[in-house]
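Protein chains in written order, with my numbering: chain V, 1 to 183; chain G, 1 to 183.
Calculated from the structure, these hints are not laboratory results.
Identical copies carry no separate label here, and so any pair may be met within one copy or between two of them.
Dumping the calculated DSBU-like pairs for lysine-lysine here, alpha-carbon to alpha-carbon at most 35 angstroms:
{"#": "1", "residue 1": "Lys105", "residue 2": "Lys89"}
{"#": "2", "residue 1": "Lys105", "residue 2": "Lys60"}
{"#": "3", "residue 1": "Lys105", "residue 2": "Lys90"}
{"#": "4", "residue 1": "Lys60", "residue 2": "Lys179"}
There are 2 protein chains.
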Amino acid sequence: MTLKTSVFIAASLDGFIARENGDLDWLTGQPSGDPDEDYGYSSFIDTVDVLVMGRHTYEKVRSFDIWPYQDLHVVVLSTQKPEVPDELKKNVEVRNLSPRDVVKKLSDEGFQHAYIDGGRTLSQFLNAGLLDELIITRIPVLIGNGIPLFEKIDQDIHLVHEESASFDNGFVQSRYRIKSAAG
Amino acid sequence: MTLKTSVFIAASLDGFIARENGDLDWLTGQPSGDPDEDYGYSSFIDTVDVLVMGRHTYEKVRSFDIWPYQDLHVVVLSTQKPEVPDELKKNVEVRNLSPRDVVKKLSDEGFQHAYIDGGRTLSQFLNAGLLDELIITRIPVLIGNGIPLFEKIDQDIHLVHEESASFDNGFVQSRYRIKSAAG
Numbered sequence: 001m002t003l004k005t006s007v008f009i010a011a012s013l014d015g016f017i018a019r020e021n022g023d024l025d026w027l028t029g030q031p032s033g034d035p036d037e038d039y040g041y042s043s044f045i046d047t048v049d050v051l052v053m054g055r056h057t058y059e060k061v062r063s064f065d066i067w068p069y070q071d072l073h074v075v076v077l078s079t080q081k082p083e084v085p086d087e088l089k090k091n092v093e094v095r096n097l098s099p100r101d102v103v104k105k106l107s108d109e110g111f112q113h114a115y116i117d118g119g120r121t122l123s124q125f126l127n128a129g130l131l132d133e134l135i136i137t138r139i140p141v142l143i144g145n146g147i148p149l150f151e152k153i154d155q156d157i158h159l160v161h162e163e164s165a166s167f168d169n170g171f172v173q174s175r176y177r178i179k180s181a182a183g
Numbered sequence: 001m002t003l004k005t006s007v008f009i010a011a012s013l014d015g016f017i018a019r020e021n022g023d024l025d026w027l028t029g030q031p032s033g034d035p036d037e038d039y040g041y042s043s044f045i046d047t048v049d050v051l052v053m054g055r056h057t058y059e060k061v062r063s064f065d066i067w068p069y070q071d072l073h074v075v076v077l078s079t080q081k082p083e084v085p086d087e088l089k090k091n092v093e094v095r096n097l098s099p100r101d102v103v104k105k106l107s108d109e110g111f112q113h114a115y116i117d118g119g120r121t122l123s124q125f126l127n128a129g130l131l132d133e134l135i136i137t138r139i140p141v142l143i144g145n146g147i148p149l150f151e152k153i154d155q156d157i158h159l160v161h162e163e164s165a166s167f168d169n170g171f172v173q174s175r176y177r178i179k180s181a182a183g
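With the rest of the complex left out, here is chain V (with noise of 0.2 angstroms):
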């Protein structure tokens, strides 16, 4: 398989992505020195070709008032069937797929560098060793409670430090490759 897997994501310095109804305020409420700073996501995303989320972040994604991702291909991996308007018809396929089939269509398809999403998707990646990389970015901020980065993660899972870096707000983002990655 030739598809790199990534994830790009924040979390609270407790380890939470959301409070536990979704909200992402602690996030967007954090003071940003720079308003063009993007803290790399725009670089990120412009190497990756597809995104998988699941269910819970693809209606949450839904829920704001744009869908933020153009046209970039998205594929939902979900057992529901979720609501596709017309509009997202052309980008947005939903699929009832573990990670390695999905990973095997994507790579079959020719696509290249897909961006994994969601606590519970990565969380399912990484378990199956089908992660390539994480770039976390921790936000300096305790929240108690929410819904988890890492979720029932079942054995140890080394990871490969690759670099850091801080920015004046307080973020601290790093990038890990995952030693056990079958992708």
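With chain V fixed as given, assemble chain G onto it according to the hints.
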């Protein structure tokens, strides 16, 4: 109160400070590039004149072959009465005190800088607004389960990032000041 309170602790990338049974194999088994590298521990401990820990951490440290704190004064916070052997009685006192009361007592006794150790104890200090500094070293491994670094944080706690550094073996250390600290 003039006592400064600091935490210096290692955690897995998924936020555990030990396995469920207290084991640190995931930490002690990490490769170390330089055998003399101590990740800033000795320069930190040199600034400390008292160590505050809970009973669980005390009993874990007691299980080691040697008592690692030499002549450093240690306060064990406990509602029970864990055994203190004769050779440690000079340095170790067991007290049933709240974070606020132990900070007051140590300030009154002239201590300057307390090292707060153990997940439950550090979270109690955080919740009481009595922690000034958090130095956390992230180990590049996911262990899935264990004793959490942060436990029952009961409100948002904002931190100020002061500096981060990474080591050749992939440990990433960040130092934060806590905004709400009343200490």
